[in-house]
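Protein chains: 2
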Amino acid sequence: MIAKGSEESTVFAPIFNKQGLIPAIVIDARDGAVLMLAYMNDEALRLTMETGEAHFWSRSRNELWRKGAVSGDSQRVLSLFTDCDQDAILLKVEPQGSGNACHTGRKSCFYRRLTGKAQLELI
Amino acid sequence: MIAKGSEESTVFAPIFNKQGLIPAIVIDARDGAVLMLAYMNDEALRLTMETGEAHFWSRSRNELWRKGAVSGDSQRVLSLFTDCDQDAILLKVEPQGSGNACHTGRKSCFYRRLTGKAQLELI
Numbered sequence: 137m138i139a140k141g142s143e144e145s146t147v148f149a150p151i152f153n154k155q156g157l158i159p160a161i162v163i164d165a166r167d168g169a170v171l172m173l174a175y176m177n178d179e180a181l182r183l184t185m186e187t188g189e190a191h192f193w194s195r196s197r198n199e200l201w202r203k204g205a206v207s208g209d210s211q212r213v214l215s216l217f218t219d220c221d222q223d224a225i226l227l228k229v230e231p232q233g234s235g236n237a238c239h240t241g242r243k244s245c246f247y248r249r250l251t252g253k254a255q256l257e258l259i
Numbered sequence: 137m138i139a140k141g142s143e144e145s146t147v148f149a150p151i152f153n154k155q156g157l158i159p160a161i162v163i164d165a166r167d168g169a170v171l172m173l174a175y176m177n178d179e180a181l182r183l184t185m186e187t188g189e190a191h192f193w194s195r196s197r198n199e200l201w202r203k204g205a206v207s208g209d210s211q212r213v214l215s216l217f218t219d220c221d222q223d224a225i226l227l228k229v230e231p232q233g234s235g236n237a238c239h240t241g242r243k244s245c246f247y248r249r250l251t252g253k254a255q256l257e258l259i
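If you read the sequences in order, they're chains V and A. My numbering applies: residue 137 is where the first sequence begins, and numbers increase by one. My numbering applies: residue 137 is where the second sequence begins, and numbers increase by one.
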């Protein structure tokens, strides 16, 4: 349960899960499009806040990851939001480099739409 | 690592985490605004697909939850997307009832912006 009043608190107190991670939705400041969902540990969050560049925790590589460190497609953070129970983050970013967030070379990671029971359409 | 080619697959094969959940970002079809982040188990996903109404798994109440069952603020799902590694869902919805997604009575759960090191501003 959420402690009464915590939804109105103006103290940033992010809640990390048992793996020490918090999910971060990344949206494009230019058009509001959802670009990706990634995870932050406390260090990634701290570095994001300190540098203004999006940092995440890579669960597949098990390492801290500055978005764009290899690809050049970094993300400049314009605003950071948290939700009512402070267990999710929303980043409004200005994509750098190619402007694409997805490692497949697409702008957004959400490029497949469900069209049937188990059928996806590439958009 | 992601199996080569799986990013281009048109077979919907969502990957649930160890708790049997997959995160779902919910956006408003009218303006693209991010409304909330919630979690689905396989049954919530199946019911969402079958009924066209957003269903989630409540981690705090430990139960299946049809959004709006109590509040009336249900969400009609217009499109469902998955991401490059199919471990996240994006729902484009038409909010019903009051049109608010957040239990605090706000349109979006992301109503607090970080303004300092640990300071939030209600927007």
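Be aware that one or more of the hints could be misleading.
For identical chains, the list gives no copy identity; a pair is met inside one copy or between any two copies.
[What the hints assert, rightly or not] Computed list of lysine to aspartate or glutamate pairs in EDC-like fashion (alpha-carbon distance at most 20 Å, straight line):
#, residue 1, residue 2
1, K154, E179
2, K243, E189
3, K253, D178
4, K243, D167
5, K154, D221
Because the hints were derived from the structure by calculation, they are not lab data.
To see whether the hints hold, each was checked on the structure:
no.: 1; hint: K154 to E179; result: within (15 Å within a copy, 23 Å between copies)
no.: 2; hint: K243 to E189; result: within (18 Å within a copy, 28 Å between copies)
no.: 3; hint: K253 to D178; result: between (38 Å within a copy, 13 Å between copies)
no.: 4; hint: K243 to D167; result: both (12 Å within a copy, 19 Å between copies)
no.: 5; hint: K154 to D221; result: within (16 Å within a copy, 22 Å between copies)
In this structure, none of the earlier numbered hints is contradicted; all agree with it.
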